[in-house]
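K.L.:
Chains as they are written, first to last, in my numbering: chain H, 114 to 440; chain P, 114 to 440.
Incorrect hints may have been included.
All copies of an identical chain are treated as equivalent in the list; a pair is satisfied when it fits inside any one copy or across any two copies.
Okay, derived cross-link-like pairs now, SDA-like style, lysine to any residue, Cα gap no bigger than 20 Å in a straight line [said to hold, decoys possible]:
(1) Lys402 x Gly191
(2) Lys402 x Arg413
(3) Lys402 x Ala220
(4) Lys402 x Ala324
(5) Lys402 x Val182
(6) Lys402 x Pro307
(7) Lys402 x Ala142
(8) Lys402 x Tyr297
(9) Lys402 x Cys294
(10) Lys402 x Arg167
(11) Lys402 x Gly306
(12) Lys402 x Ala326
(13) Lys402 x His204
(14) Lys402 x Val357
(15) Lys402 x Arg290
(16) Lys402 x Ala335
(17) Lys402 x Gly295
(18) Lys402 x Arg291
(19) Lys402 x Glu358
(20) Lys402 x Thr293
Honestly, the hints are just simulated from the structure, not real lab data.
There are 2 protein chains.
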Amino acid sequence: MAGDWVLGVDIGGTNVVVGLVPAEGGPAAGVRGRAMVGGAEASVMVEHIARMTRDSMEEVFQAHSGGRVVGVGVGCPGDLDIAGGSVVAAHNLGWFDVPLRDLMSDALGLPAVLENDANCATYGEWWQGAGQGFRTLVGVTLGTGIGGGIVLDGVLFRGASGTVAEFGHTTINYTGRRCTCGNYGCLEAYASGPNIAARAREGLEAGAESALAALVDGDLDAITAVTVYEALVEGDEYAHEVMVETARILGVGVANIINVLNPDAVVIVGGVTRAGDHLFRPLRSEVRKRAFGRSEAACRIIPGALPETAGVVGAAGVFLSEASRGD
Amino acid sequence: MAGDWVLGVDIGGTNVVVGLVPAEGGPAAGVRGRAMVGGAEASVMVEHIARMTRDSMEEVFQAHSGGRVVGVGVGCPGDLDIAGGSVVAAHNLGWFDVPLRDLMSDALGLPAVLENDANCATYGEWWQGAGQGFRTLVGVTLGTGIGGGIVLDGVLFRGASGTVAEFGHTTINYTGRRCTCGNYGCLEAYASGPNIAARAREGLEAGAESALAALVDGDLDAITAVTVYEALVEGDEYAHEVMVETARILGVGVANIINVLNPDAVVIVGGVTRAGDHLFRPLRSEVRKRAFGRSEAACRIIPGALPETAGVVGAAGVFLSEASRGD
């Protein structure tokens, strides 16, 4: 049946994913992903995205005998001017002062909204994923960086300037590890993908025994969070230790969130959730130690349900939510 | 002129304060305070409060040629069941499973609401104090413990179970100082009144030179946060160091709040704000280092404007806010 669709675009540090989401809700269809072109101008990436979108529409409209796209939501990392629709600075992408919302709108001939990528992923999980039905939902996104979002009574909370839930740069150890942001002891300095790898590497350099070194043929610089996970799955004791420590540190960060926001649920989004109980058991145990009893009892800590498409679904959802506010 | 008033009751670990607040807003009148009776049953304290209330009403109604009290808001520390109106556990008061809202309502013959004391203080600052006009306001209360509150669009945010903004037990150094809650590195373990004193004492025991020791006739156990403040005012270098360190650590906590909630303002409530620039300058400087630039720029960090009565005014305001929701 032909219907209304919203395009979701999820721009990340390494990949961009697009997909069409039914305006009445549902999973993303015609999902297309591709690697980001390192250092590419935003206008070049917008052309790529427009091409992916046309492929996606062709596939979806063929399967549904027609259809219509009513708008586009764009999720992007970095420092954004939400009201102005522009990327002020996205260091990982090399984009500065890019009017991304209007570029996308012009390229596709559709109304567009721009939103922070982690906000989109959180909203996607609230709208169609693991966060459905929760009044106060917090999302924590784990990847190259650590971010998040807050959905209150079904509305993305934006604070004073659209820069809420920057959990990666909350301090959990003010005398601790140096962070890429220049400070010491940020959550991200311990538990982002690259820092999980860095901590694993440091232990090996200090003499820890592990199958990890063999997995990367002795090239410790080649260790990633994924390598650590693979060693863990193969029963490596040291990789397990690194994961448990990561989980406990994430537990400190999640306990802080719970003590501040007293949410109904915290949904954890990102590849590291594949570690399952290896992650969630020590994480929940640390939260039980540190969170206020009544708040801990009220809060579920759950993995996201849309591992590949939370950002796409959420970006589309944010477009609809903004469009309905504008009515 | 005779008018409608709301009684505000602010129960603290050491004092209880009552006052009448005009229902249309304004400062508290007929304010009465007294020391809490150590270990007293709640019913005994309720009798004391009822007596203070009668004195307060007599004074205010005489001055205004009559008047009417329409209800009572009660602020209380500890673990509260807000919906049920009861104190589940207030360790500092020795109260467990006390139906405080109904005790107070019966004693005064007035409808009553119960709310967390730090929530009340924050709401009071939003309604009549330094937080007026801010859409997203966070209060941080500094005293024997550290707490806070969150007001969003004029409504006290309560989360899933009414236990939001427990800033004192957010972790800023997970390998750090032991906290009374049993964990390590809570903000409160560094920056509450007793812990400011403890840190000052530890430095003296380690050989720091200071006029502080003389101020307490060599009895280091007699040092309090107030003594540290007095030494600071008299130009003591070591007391200044302790205050700057306290301010920086509070800055870490406030930066975390800003990175999570992106508020329009953070209002700091409590006696320690008397330190003025000695507190606020290093605190703001630490926040500038650690908070997300756009969020930091959007946020004012200000002292409360109702040093003695924020809790009383806020408790009365919460009663009115709840009454209007119930209409």
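K.L.:
Check the structure against each numbered hint from earlier and tell me which ones fail, lowest number first.
P.N.:
Violated: hints 3, 4, 5, 6, 7, 10, 11, 12, 16.
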